[in-house]
Amino acid sequence: MRVVIAEDSVLLREGLTRLLTDRGHEVVAGVGDAEALVATITGLHREGKLPDVVVVDVRMPPTHTDEGVRAAVRLRKVHPDLGVLVLSQYVEERYATELLAGSSRGVGYLLKDRVADVREFTDAVVRVARGGTALDPEVVAQLLGRSRRQDVLAALTPREREVLGLMAEGRTNSAIARQLVVSDGAVEKHVSNIFMKLGLAPSDGDHRRVLAVLTYLNS
Amino acid sequence: MTIYDRSPHAAPHAPGTGARGHGHAHGPGFAPDRRHRLPAALRAPVEGRHWRELAYVLLSLPVAVTLFTYAVTMVSLGAGLLVTFLGIPVLAAALAGCRGFGVLERVRARALLGCEVADPEPVRPRTGNGPLAWTGAVLRSGASWRALLYALAQFPWAVFSFCVAVTFWATGWSLLTYPLWFWAFPVWGGQGGIQLYGDEQHAFYLDGPFEIAVTALVGLLVTLATPWVVRALTTVDRLLVHGLLGPSRLSARVSELESDRGVVVDTAAADLRRIERDLHDGAQARLVNLAMGLGLAKEKLAEDPQAAARMVEEAHGEVKTALQELRDLARGIHPAVLTDRGLDAALSSVASRCTVPVRVDVDLPERPAPAIEGIAYFTVSELLQNVSKHSRARSASVEVWRSEDRLMLQVTDDGVGGAEMSAGSGLRGLAERLDAVDGVLVVDSPPGGPTRVTAELPWRR
Numbered sequence: 001m002r003v004v005i006a007e008d009s010v011l012l013r014e015g016l017t018r019l020l021t022d023r024g025h026e027v028v029a030g031v032g033d034a035e036a037l038v039a040t041i042t043g044l045h046r047e048g049k050l051p052d053v054v055v056v057d058v059r060m061p062p063t064h065t066d067e068g069v070r071a072a073v074r075l076r077k078v079h080p081d082l083g084v085l086v087l088s089q090y091v092e093e094r095y096a097t098e099l100l101a102g103s104s105r106g107v108g109y110l111l112k113d114r115v116a117d118v119r120e121f122t123d124a125v126v127r128v129a130r131g132g133t134a135l136d137p138e139v140v141a142q143l144l145g146r147s148r149r150q151d152v153l154a155a156l157t158p159r160e161r162e163v164l165g166l167m168a169e170g171r172t173n174s175a176i177a178r179q180l181v182v183s184d185g186a187v188e189k190h191v192s193n194i195f196m197k198l199g200l201a202p203s204d205g206d207h208r209r210v211l212a213v214l215t216y217l218n219s
Numbered sequence: 220m221t222i223y224d225r226s227p228h229a230a231p232h233a234p235g236t237g238a239r240g241h242g243h244a245h246g247p248g249f250a251p252d253r254r255h256r257l258p259a260a261l262r263a264p265v266e267g268r269h270w271r272e273l274a275y276v277l278l279s280l281p282v283a284v285t286l287f288t289y290a291v292t293m294v295s296l297g298a299g300l301l302v303t304f305l306g307i308p309v310l311a312a313a314l315a316g317c318r319g320f321g322v323l324e325r326v327r328a329r330a331l332l333g334c335e336v337a338d339p340e341p342v343r344p345r346t347g348n349g350p351l352a353w354t355g356a357v358l359r360s361g362a363s364w365r366a367l368l369y370a371l372a373q374f375p376w377a378v379f380s381f382c383v384a385v386t387f388w389a390t391g392w393s394l395l396t397y398p399l400w401f402w403a404f405p406v407w408g409g410q411g412g413i414q415l416y417g418d419e420q421h422a423f424y425l426d427g428p429f430e431i432a433v434t435a436l437v438g439l440l441v442t443l444a445t446p447w448v449v450r451a452l453t454t455v456d457r458l459l460v461h462g463l464l465g466p467s468r469l470s471a472r473v474s475e476l477e478s479d480r481g482v483v484v485d486t487a488a489a490d491l492r493r494i495e496r497d498l499h500d501g502a503q504a505r506l507v508n509l510a511m512g513l514g515l516a517k518e519k520l521a522e523d524p525q526a527a528a529r530m531v532e533e534a535h536g537e538v539k540t541a542l543q544e545l546r547d548l549a550r551g552i553h554p555a556v557l558t559d560r561g562l563d564a565a566l567s568s569v570a571s572r573c574t575v576p577v578r579v580d581v582d583l584p585e586r587p588a589p590a591i592e593g594i595a596y597f598t599v600s601e602l603l604q605n606v607s608k609h610s611r612a613r614s615a616s617v618e619v620w621r622s623e624d625r626l627m628l629q630v631t632d633d634g635v636g637g638a639e640m641s642a643g644s645g646l647r648g649l650a651e652r653l654d655a656v657d658g659v660l661v662v663d664s665p666p667g668g669p670t671r672v673t674a675e676l677p678w679r680r
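Protein sequence lines correspond, in order, to chains F and Z. When the letters of the first sequence are read in order and numbered with this note's numbering, they come out as residues 1 to 219. When the letters of the second sequence are read in order and numbered with this note's numbering, they come out as residues 220 to 680.
The following block holds chain F by itself, in its conformation from the complex (with noise of 0.2 Å):
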């Protein structure tokens, strides 16, 4: 996997790079702003060497407030096939909507905590850089703590909830069997009676399932 990180915070981007090196990524480039970051890319694609995902931190110089988001939405838009995983200091379901807001390929967005975990830090990036998603668990909290179909979400069982959480954060049935120590079978039931209940139409594709899920939340 050829990662390309953008993190103003000098010891973090070591950390960060030192952690995917590790795992046996390769590090293409680290930057410390957004214009850098932007500048890196267009030169990797024009060299025909576009990385497979881009690490993003949201705060970053000379503003500090929300450059890494507005580059993040700029990047996605003209390469669509870049995986973009945004990482925070705090999660808003604000920000996420943006950057889901009309792609359909790898967008990660997650608490910089997360990179403690190690091994479900290296599952995200993995998995956006394959053009799937990674929600954070917060920002999923949120979006089912505010969504207007709370009678709807309330007919679903603690099972089917807990289920439903892990499927918005991006992951694939198998994913989330391994999680709650379930069979693939049973999760895959729980998936069909989630959609039943939501009267969703089932969607083949880890990350069209995300969508549906969210676009169904925020309506």
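These are calculated hints, taken from the structure and not from any lab test. Just so you know, these numbers come straight off a predicted model, no measurement behind them. All residues carry an ideal CB built from backbone N, CA and C; glycine is no exception. You may find that some hints are simply not true.
Said to hold, decoys possible - To give an idea of the interface, some chain Z residues facing chain F are shown, with a C-beta separation under 8 Å as derived from the structure:
| # | residue |
| --- | --- |
| 1 | 519 |
| 2 | 542 |
| 3 | 559 |
Could you slot chain Z onto chain F? The hints should help.
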């Protein structure tokens, strides 16, 4: 701002209840149960309020004469003595006396007119406490001179309003009761009734039944008009007391700002204490524990790798909890999404953390000043916390909109109601914070619900 009055007695404001009817807090015992059978216009002449106002006008005359005499005498004396060194202290004493009368006048206005006027700025000598410093301070104080002006201006007005009020009152009642005493004219007066017109040849007396009835009717009209006349007269008195005996607008604003500044400083200090405590009890304690755990693990590494691994595992959990706590703390200080995306996004985020489903509706054409945005944000989050904790509501809604140069926000829930702005409550604290930026908080929470809290903030500052 809309205040919904639920009391059955809400409809037209009678003269007796009118001016004080716009309370901001609705509590139990607010709505009077007594229903008047008479319409307001007929009730006015016999109501307590009218009698108090009349008493005020009648009392004004002797008070004004005394005050005017005192002021003119003392000021002339002081002015005459100005060539000697005695003039200045006499003048100061004259002004101090006027201020003293002012105190009495404020009490009289409060008791009889229900007119609440704050004390003016006190006499504050700039240096020292001696009689010289005090004299200077009295003479420099604007409030003293305004009290003197009151003594002079009130006199002609008191004479005028006394005459008008007595005339109206006496005429009204005597004509109204004319059917009861017109018999006195033929018995003792040697004429048939009141003489309305007369010259050498003709005279017209009010002595027939129709004329008596018309006279009584005229009396009734005058009697009914009297309360309004007296009210109009006392309105000028209210203005006089307000304008000349109260604190000047500037000094009122200064003292308001002083107390606002006190609230802001207190709040800031309390916030800092809270942050310090949270850091100390939370993240810091966890990091110490973590360092300890890792230190132990380092020592165990060689002799008992399994135990060391367990300790590292624990430390890992600990550090994640510390991160979570730090994040929550930072969000409590200032949420990043508020700066980046404004109230809509930030309030949606708060709403999603609330234990009940919250509908958020932000309708703003542009973003207000950051400080105002911050206060609006914290107001809503505190109100939603109240909803979570106390209301037992099933749903809530947040609305934010702009009304001219005000930012309005309203949090409504369908809970049990009964929220009060009593001393020491969270709502009172919130109201004080809003007050510090010239904002207002209105709580409408009848027992049994629903609760509606409305806040108003200046759009820019």
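Numbered hints the structure breaks, given as an ascending list: 1
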